[in-house]
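These protein sequence lines map, in sequence, to chains A and B.
Under my numbering, the first residue of the first sequence is numbered 116, with each subsequent residue one higher.
Under my numbering, the first residue of the second sequence is numbered 30, with each subsequent residue one higher.
Honestly, the hints are just simulated from the structure, not real lab data.
Among the clues, some could well be false.
[To be verified] Below, a list of computed lysine to any residue pairs in the SDA-like style, where the Cα atoms sit at most 25 Å apart:
#	chain 1	residue 1	chain 2	residue 2
1	A	LYS230	B	VAL120
2	A	LYS416	A	GLU326
3	A	LYS501	B	VAL120
4	A	LYS230	A	ASP157
[What the hints assert, rightly or not] Now the stretches of chain B that chain A is said to cover, found in silico as 3 or more residues with beta-carbon under 8 Å:
#	region
5	73-85
6	89-95
7	111-119
8	130-143
9	147-153
Quick reminder that beta carbons are idealized off the backbone N, C-alpha and C, glycines included.
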Amino acid sequence: MRQRLGGFLILGLTLVAICTWLPVHAQNARGCNLPPQFPCPDPRIVSFEATPAVIKPGESAQLTWVTENTGTVAITIAPSVGTVVARGASRVTPAATTTYTLTVPDGPGGTPLTKTVTVTVEGTTPVATETVVSRPTETPRMADGKPMLQGVYSMFGGRGGRGGPGAAAAPGAQGAPGARAGRPGGAGPGAQAVPAPGQLPNQPTLKPGLEGKYRAAPPPPNVVVSECGVSTVPVGIGPYNFQIIQNSDYVVILYEYMHLFRVIPLDGTPHQPGPSSWMGDSIGHWEGDTLVIDTVNFNTKSTVGAGMGGGRGSLLHSDKLHMVERIRRPDYNTIEWEVTLEDPEVFVSPWRTTNRYNFHPEFKRVEEYMCFENLKNYDYLVDPTKEIK
Amino acid sequence: MERTLVALIAMIGFTGLGTMPVSAHHSQAAYTNADGAIQITGLVTKVEMTNPHSFIYIDVTKDGKKVRWALEMQSLRGLAMNGWVDDTVKVGQTITVIGRPARNGAPAMYCEVVQLPDGRQMRS
Numbered sequence: 116m117r118q119r120l121g122g123f124l125i126l127g128l129t130l131v132a133i134c135t136w137l138p139v140h141a142q143n144a145r146g147c148n149l150p151p152q153f154p155c156p157d158p159r160i161v162s163f164e165a166t167p168a169v170i171k172p173g174e175s176a177q178l179t180w181v182t183e184n185t186g187t188v189a190i191t192i193a194p195s196v197g198t199v200v201a202r203g204a205s206r207v208t209p210a211a212t213t214t215y216t217l218t219v220p221d222g223p224g225g226t227p228l229t230k231t232v233t234v235t236v237e238g239t240t241p242v243a244t245e246t247v248v249s250r251p252t253e254t255p256r257m258a259d260g261k262p263m264l265q266g267v268y269s270m271f272g273g274r275g276g277r278g279g280p281g282a283a284a285a286p287g288a289q290g291a292p293g294a295r296a297g298r299p300g301g302a303g304p305g306a307q308a309v310p311a312p313g314q315l316p317n318q319p320t321l322k323p324g325l326e327g328k329y330r331a332a333p334p335p336p337n338v339v340v341s342e343c344g345v346s347t348v349p350v351g352i353g354p355y356n357f358q359i360i361q362n363s364d365y366v367v368i369l370y371e372y373m374h375l376f377r378v379i380p381l382d383g384t385p386h387q388p389g390p391s392s393w394m395g396d397s398i399g400h401w402e403g404d405t406l407v408i409d410t411v412n413f414n415t416k417s418t419v420g421a422g423m424g425g426g427r428g429s430l431l432h433s434d435k436l437h438m439v440e441r442i443r444r445p446d447y448n449t450i451e452w453e454v455t456l457e458d459p460e461v462f463v464s465p466w467r468t469t470n471r472y473n474f475h476p477e478f479k480r481v482e483e484y485m486c487f488e489n490l491k492n493y494d495y496l497v498d499p500t501k502e503i504k
Numbered sequence: 030m031e032r033t034l035v036a037l038i039a040m041i042g043f044t045g046l047g048t049m050p051v052s053a054h055h056s057q058a059a060y061t062n063a064d065g066a067i068q069i070t071g072l073v074t075k076v077e078m079t080n081p082h083s084f085i086y087i088d089v090t091k092d093g094k095k096v097r098w099a100l101e102m103q104s105l106r107g108l109a110m111n112g113w114v115d116d117t118v119k120v121g122q123t124i125t126v127i128g129r130p131a132r133n134g135a136p137a138m139y140c141e142v143v144q145l146p147d148g149r150q151m152r153s
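Modelling step: build the complete structure from the supplied sequences, incorporating the hints.
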């Protein structure tokens, strides 16, 4: 019996250890989460072609290319085309015969992979061209002089600092292969740092006595994201991209995650009374080169203080939740997003996080996200006897 | 007394198992870490190129018995960044996959690499 007891003790403790195990994504150099006996496939250039390969002066040719296993590395075509996606096409109109170079910077053994194609312009002499794309560094600007925020951004490699000014990530953080997304709006349970004097905390703290009412129950298996649960405040975009579209009257933010969007007037419109909503009522204005967005009238169904979809550590909030976002584009590659949240009815003080996201000129739009297609039957991950359909 | 203790210990373990987060974006915890990776070969029965995660289903035959496996992969963007298109994997193909299986023994894995019939390996 004592032996049986020992067996059960080991079983129980093992299961507890498994269940409390936090997934540490010890990805290998290429971003695969595999041991050395299963090496991650190397990037490769499958094809790089010009059609037609010979043109008359003033005509255009189309470059098409296919690469595989490139992950988050920045693929480039020089001259003139710039950073590109893994598979794509680009129209070029060279004035003289030009050789284009496709480069995948992190090939086998870390050596760059390159492939060239020449577009011959009849009656011209080949020109020497750059083979490496020089990426701009300066903050781009709109016609009205405001910083150009529009574009597609990702969280890859862009995890920022927390807790207010001065805590941001190193400038120019780039999309390192395999870098994991940060969590906007929260560092997760137990990760709260003691704020420096004069700085706000990076996590909300419930007022005494409100634990029972505002501590969100842990989501049961098979719910939240897999059942299209909407995100936390601020929007938990996770590993998905988001896109900003901008003119002098509006800023529109399109979140790939769950097809969420925000339309933010910049014309001095005050907050509008009306039904509360998941995304709240946002208005914006410029303070120098910083876009300031003020949001109120959130419904009380969303959560704060955890990752997207509302995970462990999620807290509910009242209808007094107020969010102020300060958005800057300090350089070509980066957008910086400072978020300050307060809810004086529920939390002891405001809290603040700052994240940096990487600009991706190669992406022209966010992807579709039809969550109903992902209503997977995950029961088999709880009960292995459940049928996989 | 001992029986109560046994029941208590088992309960702690299984309660923990029941709270394993298995929603789409917490599902990494439902699979083993890198050290548990395995390689299997099977016949493709269904391909779902979808966000938030894509899936391939394969029938794996072992000892004369056919078992359907669910292979969870990256998001659409993640696959596209590795060169995937809709017909990279087709129903009816036999593929070999490397990934981290479900901790609970279910025939499911987080698939990291797909080897196509022509031998090409794709990060997934």
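Verification of the hints:
1. Restraint check for A:LYS230 and B:VAL120: the C-alpha separation of about 33 Å exceeds 25 Å, so the hint is violated.
2. With a C-alpha separation of about 17 Å, the suggested pair A:LYS416 and A:GLU326 falls inside the 25 Å cut-off, and the hint holds.
3. Under the criterion of a C-alpha separation no larger than 25 Å, the hint pairing A:LYS501 with B:VAL120 is consistent with the structure, at around 23 Å.
4. Between A:LYS230 and A:ASP157 the alpha-carbon distance is near 16 Å, which keeps this suggested pair within the 25 Å criterion.
5. Counting residues of the region 73-85 of chain B whose CB lies closer than 8 Å to any CB of chain A gives 6, which reaches the minimum of 3, so the coverage claim holds.
6. Here the region 89-95 of chain B counts 0 residues with a CB under 8 Å from a CB of chain A, which misses the bar of 3, and the coverage is violated.
7. Three residues within the 8 Å Cβ limit are the bar, and the region 111-119 of chain B against chain A gives 3, so the coverage statement holds.
8. Counting residues of the region 130-143 of chain B whose CB lies closer than 8 Å to any CB of chain A gives 10, which reaches the minimum of 3, so the coverage claim holds.
9. Check result for the region 147-153 of chain B against chain A: holds, 4 residues qualifying (beta carbon to beta carbon below 8 Å, three or more required).
Checked against the numbered hints given earlier, this structure breaks hints 1 and 6; the rest are met.
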